[in-house]
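Trainee: The chain contents come next:
Number of protein chains: 8
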Amino acid sequence: MGSASDLPVMEEAFKLFEQLQVPFEVKITSAHRTPDITEEYISGLKDRGVKVIIAGAGGAAHLPGVVAAFTTLPVIGVPVKSSISIDGWDSILSILQMPPGIPVATVGLNAARNAAILAVQILALSDKELAERFSEFRRQMKDKVVKSNEKIQQLDYKFLVK
Amino acid sequence: MGSASDLPVMEEAFKLFEQLQVPFEVKITSAHRTPDITEEYISGLKDRGVKVIIAGAGGAAHLPGVVAAFTTLPVIGVPVKSSISIDGWDSILSILQMPPGIPVATVGLNAARNAAILAVQILALSDKELAERFSEFRRQMKDKVVKSNEKIQQLDYKFLVK
Amino acid sequence: MGSASDLPVMEEAFKLFEQLQVPFEVKITSAHRTPDITEEYISGLKDRGVKVIIAGAGGAAHLPGVVAAFTTLPVIGVPVKSSISIDGWDSILSILQMPPGIPVATVGLNAARNAAILAVQILALSDKELAERFSEFRRQMKDKVVKSNEKIQQLDYKFLVK
Amino acid sequence: MGSASDLPVMEEAFKLFEQLQVPFEVKITSAHRTPDITEEYISGLKDRGVKVIIAGAGGAAHLPGVVAAFTTLPVIGVPVKSSISIDGWDSILSILQMPPGIPVATVGLNAARNAAILAVQILALSDKELAERFSEFRRQMKDKVVKSNEKIQQLDYKFLVK
Amino acid sequence: MGSASDLPVMEEAFKLFEQLQVPFEVKITSAHRTPDITEEYISGLKDRGVKVIIAGAGGAAHLPGVVAAFTTLPVIGVPVKSSISIDGWDSILSILQMPPGIPVATVGLNAARNAAILAVQILALSDKELAERFSEFRRQMKDKVVKSNEKIQQLDYKFLVK
Amino acid sequence: MGSASDLPVMEEAFKLFEQLQVPFEVKITSAHRTPDITEEYISGLKDRGVKVIIAGAGGAAHLPGVVAAFTTLPVIGVPVKSSISIDGWDSILSILQMPPGIPVATVGLNAARNAAILAVQILALSDKELAERFSEFRRQMKDKVVKSNEKIQQLDYKFLVK
Amino acid sequence: MGSASDLPVMEEAFKLFEQLQVPFEVKITSAHRTPDITEEYISGLKDRGVKVIIAGAGGAAHLPGVVAAFTTLPVIGVPVKSSISIDGWDSILSILQMPPGIPVATVGLNAARNAAILAVQILALSDKELAERFSEFRRQMKDKVVKSNEKIQQLDYKFLVK
Amino acid sequence: MGSASDLPVMEEAFKLFEQLQVPFEVKITSAHRTPDITEEYISGLKDRGVKVIIAGAGGAAHLPGVVAAFTTLPVIGVPVKSSISIDGWDSILSILQMPPGIPVATVGLNAARNAAILAVQILALSDKELAERFSEFRRQMKDKVVKSNEKIQQLDYKFLVK
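For the protein sequence lines, the chains are V, W, B, L, C, P, H and F, in the order given.
Counting along the first sequence from 1, when you hit position 105 you're at 106 in our numbering, and nothing is skipped either side.
Counting along the second sequence from 1, when you hit position 13 you're at 14 in our numbering, and nothing is skipped either side.
Counting along the third sequence from 1, when you hit position 124 you're at 125 in our numbering, and nothing is skipped either side.
Counting along the fourth sequence from 1, when you hit position 111 you're at 112 in our numbering, and nothing is skipped either side.
Counting along the fifth sequence from 1, when you hit position 70 you're at 71 in our numbering, and nothing is skipped either side.
Counting along the sixth sequence from 1, when you hit position 58 you're at 59 in our numbering, and nothing is skipped either side.
Counting along the seventh sequence from 1, when you hit position 7 you're at 8 in our numbering, and nothing is skipped either side.
Counting along the eighth sequence from 1, when you hit position 55 you're at 56 in our numbering, and nothing is skipped either side.
Calculated directly from the structure, the hints in this document are not laboratory data.
We treat Cβ as the ideally placed atom computed from N, Cα and C, and that holds for glycine.
Warning: the hint list may mix true and false statements.
To be verified - Examples of chain H residues toward chain C, derived with CB under 7 Å:
hint, residue
1, 5
2, 15
3, 26
4, 27
5, 29
6, 34
7, 35
Claimed, not checked - With a straight-line cut-off of 30 Å between C-alpha atoms, the simulated DSS-like cross-links for lysine-lysine are:
hint, chain 1, residue 1, chain 2, residue 2
8, W, 143, F, 16
9, B, 145, B, 16
10, P, 163, L, 52
11, L, 159, W, 28
12, B, 82, C, 82
13, B, 16, V, 148
14, B, 47, V, 163
15, W, 143, F, 82
16, B, 143, L, 52
17, W, 52, L, 145
18, H, 145, F, 47
19, H, 47, F, 52
20, H, 52, C, 159
21, V, 152, B, 28
22, L, 129, L, 145
23, C, 16, B, 152
24, V, 16, H, 163
25, H, 16, C, 152
26, C, 28, B, 145
27, P, 143, P, 16
28, F, 145, W, 159
29, C, 82, B, 16
Assemble the whole structure, with the sequences as input and the hints as a guide.
Mentor: What follows is the structure, given as structure tokens:
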């Protein structure tokens, strides 16, 4: 991530990785304030066996695109609705609209948890155990919706047909 | 893709796959007009060894999200600026802003070629030969920029310092 | 509705149905997390005598469109300004801009009460008593505006002509 | 509709009614230039047995809302991207965002055909033959998607798996 | 105004009229809930000697346009950022983008005070005393800026040149 | 107007003045390129008996606001969708959103003809003959809608009820 | 700046000038309420040795453009998200989209500190000592990012690889 | 500039430099496809005596920001409405909304000529002859407006007062 201020949003990704037991690194590095550190760090990831990169940033959010420029690994971008952002539109457009040749896999505004899920889906392609944990995770999501529905049936309205 | 009218946009992905020698399937199926065919087709992909899905749609573009609901494979979404779309904003927002738990890896408006490149980056994680072809592809992109720069130096301006 | 978090918005519809004595069902089911339950539930509604469906969702709000795909009943969509939504724009566009052939009758942002009124207007076409209750309801709305106007005449300004 | 210039868009609704054999009236009347004619015409529709009204307009598109104010029949609004419209945004917002109590069932930009389909879905609730013709219409839509898919399989790519 | 909820915004106009001693009427009437009262009230204004009308509304804000349809007097519209409004965009566009022939003089979002000033500028064309009071009002505005500037010079910065 | 390139839009106002026999002046002067000429010209208008000013501009359209700063006459602003404008949004917002104290009566995008009609409505407050010509003008607008409706009844559809 | 209400935003610029020891003046003057004072003040700046002007304003933010019209010095514009602004969009567009010939160097929304940095970069072109202080300032920014990164490594997650 | 496709827009800057006799370099280099060339080129500019940098790009336009990260020289950014851009919004926001510390002086959409004028204004601070040429350039702009006004007085309208 580009700044410590992105932590509350990005931490949702860390929690998802914990839940699904996926090892991960965390790095604060800025596309604009520490471009050389960013380059050095990103360039070395592939050789260390890293497979997917998640980059979150807000405003004129260049970090995900700059990261994608320094690696051939898939890069997932999280548009952050930071304090300088204009309701998130700048964050979204400056991550999503990458030029031909250097895509960033963009997820929804502040959706760091979905970014982590997408990373898991990619990693699970070559990791059977993770694939099984993820399938179980999806089943649990389904159960939660079913339980929500059961609970809402207890609403007390005269004309509610149950 | 959801409709034959998306073909001119999506065909850019086919060409990229040809160039990088990546086998691919093509399917027209609609989230709204053929929901059962969509479900059946998508549910079976993983067992047939498919690894990544690219879904393109325009307007209230539900196809990528509906596809993601029927599989645990990573899904890449291409917002198409179709004839019914409002300058592409509807296509982008209805693909990008997926709810918690079911992400779609969104690329730029009409960026089917970038979607294919992203798919290649994911596939290359477990395919060394593809990884090498992709690295070569990136080198060629770089060369093109260098050649563009050489060409532009030939502009004829009196105050242009070369 | 797609999630229990939509309840505070959607409950305005329940209250309107109570007021006009219209029997209604409530169901939480997700287009993405429980697609099969959604399909099964929606497909069975017509045979059980249900006449109109109201579907509310936020963000990339696919539920109303997915519901419309599984039935020939009229579907009314309520764009919800949920916590993941970008000021409601994503919710509106992903419900309103349905492709040719599968319309969703969209109402304003968070306008669940208006959705219920629209449902009443449709049901009243073949239910004379409901039609009368609804005409009375419209008269009362009118009276409220008249009373608002009477009250505002009591404002105390020197140059206010009454 | 509010102006003859809306005819090319609205005519798509007429064609759909022809196809599904639904009797319909056509009226040009303006919310602003002929408010009294609008009131008189709309007020009389219910007694003449009209069941659903479709109103199309562009720019500050007041016609659908003004029509809804003069009747208890369900009103479907078609935002028209007319020559004075700002890419359709004004048309959409001034139809969709109706105040509490007077909803307009809004369809997508220029989606007059979808408005007609929605009207058919409402009329079919109390007209079994129309309901059957509409079910057949939906089946044909499905067949067209299937045929589109068959045709696209004939694309000639070396790496296309069929 | 269309609803008592617009009062906090519109009251700024009343205060300006008090300050400049301009007689005014206040009326709550809705374009949609009391269309006939609106018509009757507006149609009678000219004969009673009213010269300018200010109409404020939010969301699909039809009131100013509907008012303009019933009179040849100049109508000033105030887009209100009401609770149902989408950040004011719907209010602005549905007042500003009137069709050819029926203009509404639109002021900024929630700018009821500016609407009143505009009304004063129109009335002052044929009222010399009001014109003088208004010129004095403009002078006072200027003085306030000058005093603001004097006050800010007292800021305490080491490098501030005074 | 700020530039000769605004002429095709603004000329619609000239034609309206011709039709309703309203004397008018035309001036090209820029808020940014000729600020002193603008000030001198505008400051002198009131004493020469001019009653209403129409200012049209595009992009960061400062002319109407700058004009309003130099006069107490009512100023009508026409947002022009010029070649540098971003679909007209910049033109609209930089005219409409004037600060407290200095309003501009804004009309729709490119709506110079409506600006002229608004000017006529203001002038007609103290010019009975113009008022009569304008009432006749409004009646003719109404007749055109009625004739449009008569013509459309001749459409040839089997299910069209006439 | 155009109003004392812009002070909390603009004060960030003053602090930056203090930090980098750059002499500066502060002036409140309005493009609309005190146009003559604005002109007189701006016209005299160059002869007094001022080199760069920063102008901040919100809503229909004309001040930066009007300032640019009265000088040949570079003008930096700060779009302020003031209380009358529509989420800052009006402020941005009415500063950024200046007509051909009179540019304003626009920075991000509320980014007065960045405006001051930009001014420093311009002044440093002919002031070696300032250039050195600025280089040091940039190094410190870099250090802060590095320290942020060190701190975040102390997060306590089981699967966090350090 | 980031791509040869930006040439038609950026060439307007070259022409302005020719007109005002300002030596300039031209470089095509991409933030994403040739990041190392970009870094090397930009880092060396200051030592070669370059004083101002203009960077143009479209879509997720990272080039100006990336350039600003590698230099302490002032950087002017030109948002280009390129073929992949969404009406220019992405280009504008990803250049304008730079994070704290690294500003980019942004000009209007496609406004390369204004970028060059801004560069001239900066250069003229320490180049008296350029300052004189620029003052003359501004005078000529003024004359063009005056001549435009003279020409428009020849319009032939019966009610046009000259």
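Trainee: Taking each numbered hint in turn, which are not upheld by the structure, reported in ascending numerical order?
Mentor: none
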